[in-house]
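Dock chain B against the given chain A, drawing on the hints supplied.
2 protein chains.
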Amino acid sequence: MPTTSLLLAWQLKGKRVLIVGGGDVASGRLESILAAEALVTLISPRQGLHSKTLGLLQQNPDRILYRDRDFSATQDLEGIDMVLTAIDDTNISRSICNLARERRIPVNVADIPPLCDFYFGSQIQRGNLQVLISTNGQSPKLANIIKKQIESNLPESVAKAIENVGALRAKLRERAPGVGSDVGKKRMRWMVDVCNKWSLEDLALLDDQGIEKMLNLGWEKGTVISTSEAGIPTSRFKLPEYTLPAVAGFLSGSLITCLAVIARRR
Amino acid sequence: MPTTSLLLAWQLKGKRVLIVGGGDVASGRLESILAAEALVTLISPRQGLHSKTLGLLQQNPDRILYRDRDFSATQDLEGIDMVLTAIDDTNISRSICNLARERRIPVNVADIPPLCDFYFGSQIQRGNLQVLISTNGQSPKLANIIKKQIESNLPESVAKAIENVGALRAKLRERAPGVGSDVGKKRMRWMVDVCNKWSLEDLALLDDQGIEKMLNLGWEKGTVISTSEAGIPTSRFKLPEYTLPAVAGFLSGSLITCLAVIARRR
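Protein chains in written order, with my numbering: chain A, 8 to 273; chain B, 8 to 273.
Isolated chain A (complex conformation):
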């Protein structure tokens, strides 16, 4: 029986990640690590580099320290906050893992689950929204299929909505500063009310003027104003989902009945 993992959003900004290996898997790791704004040390002989790895090296010379050689020894782990290996040699992988664990550096060894302190799963990114789908090692392929299903169902407006709510929250904190106090709780409650009252689609349409109005006419009076009060074009009228098939059914029912009546009359 697989174990439930603890899913976490790990913070790597300014941290240094060691990647051992430069092949296809390593290039994927490198990409996620760079996206998380980490500094990278990549150790791998140049002849083993995948074209994607090479491309990332060339695009990020200031963020990747590249060593054109194999992993050599303990000093390669100095100042390292996380270790990822993606090489074919299981023995070297195992010894890197041991060295990292002795130093309490979190480590992931591609393809050898018992040597991993953490797993990667299938991931979705849309602006500030990140979604991780894990099957706890049962089926990476199903994780990928479920990811695509989730992705296709995510509303278009979701990234913009999150961005605007983040901006509203930042402006609110300027206007009513303080942490851990009553004002903090009051801010949190109001933000929750905003997210409950406004749809994702409406939040995505919020602009600077709208944010000002929400604060001036809403927050100051302890209420959440409506979209129209915030100057957001009143919700686009949306037909219920089943309108089209119902109307098409109605028209064809009517048409066929007409034809039947005409046919009988002749």
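Source of the hints: derived by calculation from the structure; they are not laboratory data. Model, not experiment: these values are computed from the prediction. Heads up, some of the hints might be wrong.
Claimed, not checked - Partial list, derived from the structure: chain A residues whose beta carbon lies under 8 Å from chain B:
#, residue
1, Asn-143
2, Gln-145
3, Ala-253
To be verified - Restricting the straight-line Cα-Cα distance to at most 16 Å, the calculated cross-link-like pairs of lysine to aspartate or glutamate (EDC-like) are:
#, chain 1, residue 1, chain 2, residue 2
4, B, Lys-192, A, Asp-95
5, B, Lys-155, A, Glu-181
6, A, Lys-154, B, Asp-214
7, B, Lys-204, B, Glu-236
8, B, Lys-148, A, Asp-31
9, B, Lys-193, A, Asp-215
10, B, Lys-167, B, Asp-214
11, A, Lys-148, B, Asp-200
12, B, Lys-22, A, Glu-109
13, B, Lys-192, A, Asp-31
14, A, Lys-192, B, Asp-118
15, A, Lys-192, B, Asp-95
16, A, Lys-192, B, Asp-31
17, A, Lys-167, A, Asp-215
18, A, Lys-155, B, Glu-158
Note that beta-carbon positions come from the ideal geometry of N, C-alpha and C, so glycine has one too.
Chain B alone, transformed into the frame defined by chain A:
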């Protein structure tokens, strides 16, 4: 601008997690940590314990080491693999965070993002499927709303499908053992083919006999058999989504036209 996180499935089985605090937030942390099969040390004066925390303590006496006192000193961090604090005192939180970081123990301080090596987000669990939704701190409430949306769209069969694919994979590994070799790649390709050919719904219906047939009639011949060959009841006939409104539309169109014709005849 918020930073992209690295979303990870952290493995805590057999590791020890220190939780400082016993209130509402701490009880939620405790719940996730226990689900990940970790051992827990919980430090918090008894009078501050939330009823949920108390309940979890009573249900898991063998997995939680409880200290009825405040966090005292360095030795509280001995043998600890992860630290979570959820207390009101910001200064104590900060000093626990510093102590943990000196020892390279990953730490999360509730409500103080800069003191967190990682964040929790909104989570979904369905059997072996786990989904993490993070807005990178922009809006926990929106993360929760998006979580509910994703959850309501997940097919019912998803957990069972993952369980069955895991079982199929384990049986396949028994039949064709070996790691890192060609057989490993062949296994992986076949599993991918299975997941591509069979729907989640069909995978969820797979039983022991079906698994045997997939291996005997499929794997051994380098192919993926169909659901009917595996003895799975042929896909339940499903009406297209729009059938009902279309039929209802058709009937009412026909009925109204009939009535109109009858009315004109009089």
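Evaluation of the provided hints:
1. Asn-143: 5 Å, holds
2. Gln-145: OK, holds: Gln-145 (chain A) within 8 Å of chain B, min 4 Å.
3. Ala-253: 4 Å, holds
4. B:Lys-192 - A:Asp-95: Roughly 13 Å separates the two Cα atoms, so the pair holds.
5. B:Lys-155 - A:Glu-181: 30 Å, violated
6. A:Lys-154 - B:Asp-214: 25 Å, violated
7. B:Lys-204 - B:Glu-236: Given that 16 Å is the threshold and the Cα spacing comes to 13 Å, the pair holds.
8. B:Lys-148 - A:Asp-31: The hint is violated at about 37 Å.
9. B:Lys-193 - A:Asp-215: 55 Å, violated
10. B:Lys-167 - B:Asp-214: The hint holds at about 11 Å.
11. A:Lys-148 - B:Asp-200: Judged against 16 Å, a Cα distance of about 9 Å means the pair holds.
12. B:Lys-22 - A:Glu-109: Holds: Lys-22 (chain B) and Glu-109 (chain A) sit about 15 Å apart, inside 16 Å.
13. B:Lys-192 - A:Asp-31: The hint holds at about 15 Å.
14. A:Lys-192 - B:Asp-118: 12 Å, holds
15. A:Lys-192 - B:Asp-95: 13 Å, holds
16. A:Lys-192 - B:Asp-31: 15 Å, holds
17. A:Lys-167 - A:Asp-215: 13 Å, holds
18. A:Lys-155 - B:Glu-158: Within the cut-off at roughly 14 Å; holds.
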